[in-house]
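The whole structure should be built from the sequences, with the hints applied where relevant.
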Amino acid sequence: MPLYIKLHVGFLFFIFTIAPPTNVHAFDKPNDSGSAIHIKWEVSQDDREIEKYIIFRQTLPDTTMEKIGFLKNGSNFLEDDRTDDAREYRYIVASSKNSELAFSMPSNTTKSYPQVFHSGRINILISIIIFGILLVYFVIRARGGRDLFIRKIPGLDAVDEAVGRATEMGKPILYVPGLGDIVWTATIASMNILGEVAKKIAQYDTPIIVTNRWSVVYTVSKEVVKEAFATEGKSESFQEDYVRYLTEAQFGFAAAVNGIMLRERPATNFFIGRFWAESLIMAETGAQTGAIQIAGSDSVLQLPFFITACDYTLIGEELYAASAYLSREPLLMGSLKAQDYSKLIVLFILFLFTVLSFFNVDLLSLLGVQ
Amino acid sequence: MKRKLALAICLIMGIVMMVQFFIPHPTSLQFNSMILKWVIILSAFAMVLAIGNLSRHHGLIIRKKKKNWFYSVVTLTSMGAMAIIGLFWGVDAGSLFQSIYLNIFAPLSATMFALLAYYMASAAYRAFRARSLEATLLLAAAFIVMIGFMPFGQYIHPRFPSFAEWIMQVPNMASQRGILFGVAFGSIATALKIILGIERSWLGGKE
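Chains V and D supply the protein sequences, listed in that same order. Mapping of the first sequence onto my numbering: position 232 corresponds to residue 233, and the numbering continues sequentially without gaps. Mapping of the second sequence onto my numbering: position 73 corresponds to residue 98, and the numbering continues sequentially without gaps.
I should point out that these hints are in silico values taken from the structure, not numbers from a laboratory. Please note that a few of the clues may not be correct.
[What the hints assert, rightly or not] Only pairs whose alpha carbons sit at most 30 Å apart, straight line, appear in this in silico DSSO-like list of lysine-lysine:
no.	chain 1	residue 1	chain 2	residue 2
1	D	Lys91	V	Lys172
2	V	Lys53	V	Lys30
3	D	Lys27	V	Lys227
4	D	Lys29	V	Lys201
5	V	Lys235	D	Lys89
6	V	Lys227	D	Lys62
7	D	Lys91	V	Lys227
8	D	Lys92	V	Lys227
9	V	Lys227	D	Lys29
Fair warning: this is a prediction, and the values are worked out from it, not measured in the lab.
So, in structure tokens, the structure goes:
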């Protein structure tokens, strides 16, 4: 067993039978709100023999060291998240075996401080800027009257048919804006579609039932339907009962929607938004009642259930394109083009990264993105 | 005016929250947490409106003695009883509220969830009828994956499980990622369209 002689804070000589860790380096935790320092070290030469590493902290100008934690052998990193941004710190890491400790040389002194820009998110910022430029460009082009081609989406083409069918049968239309709260983009997209669907419904004077799981979604969907009726000059046709709040309980909500489908027998069901395990319970019940069903979700796990049980399904991005497709507003259509070109750029980046990976070039770590 | 005000608030808050995402400074985080508290307060106000809607809807059904009106009685009674029990006797562990929740509500929810198995069987029957080339491919893929993931699969052929795994990890994963890219850009587009006031369907249209 080699012997190690080291000089430490306190100017004392120690004789160790185990090797201490080396190159202890302390630095401010990047991209944080302060109060945290990262400590890194090279593991002891006797890493396999030792039990743990004990980390000590010295708060300058004090000379005493305090123990702030320990880690099992093999570890070479610790985050000290209890620092004061105004103070300077120094660290020592000790290898520990039985009751013996082998101390490293003290680290550099460092301070924690908050950052004003999260450099790890620069890729997101660049993507948003590029996407924003594309969006503005295509919106301006659309405003100039350029005709933009958009492929047919059968699920959205069927909306008119679905509304017409309900009108002919004299039955209501059920619209479920998902089970996600308003913070989900799919719910917001669903509100946009609801606005367009409600306008068509208002034209035909067909009753609609909008069921809601969350109180905020309820208030938004009520305003959306009310405004859509007002836009069509049918304010008097809007009834408070069209938009209903049910319950926050996931399966309670599914049971309530199933009850509405079985009791009120809507001719058309829309399931558009964010769904979880209840998707098939509702879609299958709707299929059994014989209603024409149009679903749309960005949840890849629930899409197969909707595709199986519904007549038409908006898959992923089609959900976000629906509002533009239904309204045919040039400005909104322009945004779809921006989406398509952004996907083309991503495709190119994916191809580039794949090719580079064949040459062992890891661009992600070179760019330092998270 | 009402619409312009809503658009202005949306624009300002949208940009502010987007900028906040890139600033990890404590002031920025405090601002974010303050906004989240506002959302909770707004949700509480919205909850009053939502409960009002629920009570009004079921009250009307009971008053007019519409078909199945007794279900509405059950709904309103349950809601009122749980609110009173929770308010006066608390909602802590061991309370009457918790007891009702665990012994009545939880089993009812579990029952609804359990129904999923039967719905899956009926949906699978419909999906797996080989009426077209796509449906036949779906049927074949589902058959391979199901057999491959069963212990029985490796006795049919030793490579069956790894082939099933390949179907899940390569073609299935590739299509899922394709959908997710579209979803990601759709989400950003929707957010930007609303922030910039291009998308106004949520306000009832462009007018």
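Violations among the numbered hints, reported as their numbers in ascending order: Violated hints: none at all, because every hint is consistent with the structure.
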